[in-house]
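Q: Each chain, letter by letter, is given below.
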Amino acid sequence: MMTANDWWGVVIITINFLVFGYFVVVNTTYLGLFIAAFVSAGRYVAHKRLVDLDELFRSPLTPKVSVIIPAYNESAGIVESVRAALMLKYPRFEVIAVNDGSTDLTIAELVRGYDLRQVTKVVERPVPCADIVGVYISTVYDNLIVIDKQHGGKADTLNAGINVSTGDIIVTVDADSLIEPDALLKIARPFLEKPGETVAVGGVVRVLNGCTVTSGNVTEVRLPHGFWANVQIIEYLRAFLGARMGWSTMNALLVVPGAFGAFDRRSLIEVGGYLRDTVGEDMELIMRMHQYFRKNKREYRIRFIPDPVCWTQVPVKMQQVASQRDRWQRGMIESLRAHETMIFNPTYGPVGMLSMPFYFFFEMLGPVVELLGYAVIVLAQIFGFLGLEFLWLFLSVAVLYGIIVSLLGIALEGVALQHFPRLSSLAKMTFFALLDNLGYRQVNTWWRTKAYVTYYTRRSKWGDMERSSYQGAHGKEPTA
Amino acid sequence: MAWTLAHSTAHVVEILSFSIVVMFVVLIAVFAALIVMRLVLSRREARLEAIREKIRPLVRDLLTSEPDPEGAEWKAEHLVPRADYHQLEQVLLENARIVKGSELGVLTYIFENMGYVDEDIRNVRQGKDFKKAESAFHLGISRSERAVPYLLAALSEPDERVVFSALNALAHIGTPEAVDGVMDFISGDRTIQSSRVGEVVLEQKRAFAPLIRGHLVEGTLPPERLGLLIDLAGAIRDAQSAPALMAYLDSEHDLLRSKAARSLGLTGDIGSCDALESVLDDPSGEVRAQAAESLGQLSCTDAISSLARAIRDPELRVKMSAAIALTKLGTEGHNALAERLAVEEEQERGVVAEVLGTEDIRLRGMPGVSRA
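Top to bottom, those sequences are chains A and B. Take the first sequence: its letter number 444 is residue 444 in my numbering, and every next letter is one higher. Position in the second sequence (first residue = 1) + 480 = my numbering.
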């Protein structure tokens, strides 16, 4: 006859093993994705040697690109951000900066910076957006359009940009981000190689903090000072570089980052543009694209390529990081719930059978399971249900395995892509890979779990983040 | 009971612990190997770059001071140590991408006589797929006519990278045989990357133009191939293809009609004005918009009244194209456009105001222009 204490023991041991299994699966999946990413990166780097970007630049058949920069209270850096976009190397492109009813001086800075004049503009609305209150063009740059609209959130702002755009390819860039001068040529290439089939391409987003920026270009790549920015570098390498490249090899990518993504305009309009009532608009859009094209049995491809780099400022204060992670988690919950019929649905191929279930069970529910795991392992130790061997085993899988996966992210960066030229940077990143899994991950898990609460109380809020100019981002004035 | 359960799991825990330790050791070793590899590779690359840095001025000097290819080849062979010939090839390739005329002729001679072309041909015939593609790419840069038959054979390779590199190389070499080979491929059955073919064809506009015209006149290819050729005729601005393009304005395919309307504008052939004007009534909005745009590009002043009518088109893109076209047709076009400011229809009036307002602001930004 089992006592109540025995029952508790069984429950706790079972939960411990389930959580243990969770960590094994999640980290092994990442490991598998990294192996796929290494193979893919190797092929990509080799393929680059066969491509002459100058020929692409000269070709009159190169499609026109519309670069859309949504801005909400971005007065500190919007002029520089737009300037960097205007300096991009591409034969035919327009830059559309969209002010989402900012309460600061964003529009005034743009008007002053580019000698803007208001014009009448007839705008069709193939995708829904809030009212446009003004359209401006520049007397200095022919290819710059600035839209001033009522506040409607990021998705709504991007939709306004899509409505005004005239390009064949839409590229979205965050106002606090910089893209490398030849990034448009590189991100457009998959559209040229598989025209009609490529519907979206994601570029790699890297951390700008610490780098030296000269005239809107990153001229020296260095690691930033401080804990929060550095652990996010590791997080970006593990989750955004390795995992996305891995999913991309199976055409099962679920996120094309809003900070830097390219879309075939026709396809984007065909699926209805961005969903306005969400904070995870980038993920939701890609899920909807998978759903639409698979359902309609259309050949399509959503790719992630590691080369066209977008540099973005990451938050450096704990509260800002917490707020951003909260928003990302809410976005993921919203997107996955909106498309839950795709999960384990063979109609959607590897998206329905692999990436969606992984995101649902391990990214969406993961924080709750992890938190439960940490709590239960402590209880099991306190009440003596499991020995120290299991504690060691649990920590090995939860922490050590995670560290190894993070290290592989660094290796992918250092060996295959060689974006960090200094070996001292690699050493510093290795140190932060330890902290990423031993401290940051646990705190992040707590924030992401809390997001379930905010999910029901603060939906569709486009969080505020303190912005600084690029000079401020790396803590020193740019070199001449 | 719980205590017993804990003990029964101990064995499982032991096995798992052992497997995990083994796996971790392997993964850490992999990470260490990758980092060491990174170290070795970066040092090697730095050493090779230093060699290339030494060779660059030699090659530059060779190209500016040695017009005789034989003399240049002799110097290259004797001034650079044999062990550094691979780096010499890299520097020669760098230069071959940017020089033209006799300097390029000198480089081609060096590529052919120092064995680089033979090695690349060998790779194209027998190498692995990536090596084949890379060598084909190099043969294109070196412009070696000797490579043409091997590159033509490479067009039937299954690997897309090899095929595109061979196409690119043949277009760069540009002999009649090479151009024919590229054209046969473009008009063949195999799936191709259309926009990249555009890059290839632009290399030898004059050589490709008559072949493209020939296919357009025949019109026997499938619509998607004809669409590509129509695009190419416009891209290379071949005015002589205008009559053939005009015939496609009557095609049953919307896409071919709109592509033809666009390409006619690019060719600069003013004889196309009447034909373009006639398709302002086409059932497809895309065709009407392209025709209006081309009428502006070709400065077809006789089409002013038709364009003014097109501003009343039900589709916004047609209205916009027609309004922009009118701004390119001198005072008469401007006046015709300005008259539409008085109309009642809101969208039409908005389009006219937008185009005139935008033009006014753009002109203000131009140096030496002042407008009220």
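Read the hints as simulated data drawn from the structure, not as lab findings. Watch out, some of these pointers could steer you wrong.
[Stated by the list, open to error] Across the chosen pairs, the derived CB separations fall in these ranges: (1) B:Asp840 to A:Lys428: 50 to 60 Å; (2) B:Glu698 to A:Pro195: 52 to 62 Å; (3) A:Asn296 to B:Asp782: 22 to 32 Å; (4) B:Gly595 to A:Arg298: 41 to 51 Å; (5) A:Gly196 to B:Val697: 24 to 34 Å; (6) A:Val443 to B:Arg523: 31 to 41 Å; (7) B:Glu494 to A:Val378: 16 to 26 Å.
Using N, Cα and C, we set each Cβ at its ideal position, and we do this for glycine too.
Q: The structure should be examined with respect to each hint, and the outcome stated for every one.
A: So, going through the hints one by one against the coordinates:
no.	hint	verdict
1	B:Asp840 to A:Lys428: 50 to 60 Å	55 Å, holds
2	B:Glu698 to A:Pro195: 52 to 62 Å	25 Å, violated
3	A:Asn296 to B:Asp782: 22 to 32 Å	45 Å, violated
4	B:Gly595 to A:Arg298: 41 to 51 Å	50 Å, holds
5	A:Gly196 to B:Val697: 24 to 34 Å	27 Å, holds
6	A:Val443 to B:Arg523: 31 to 41 Å	39 Å, holds
7	B:Glu494 to A:Val378: 16 to 26 Å	22 Å, holds
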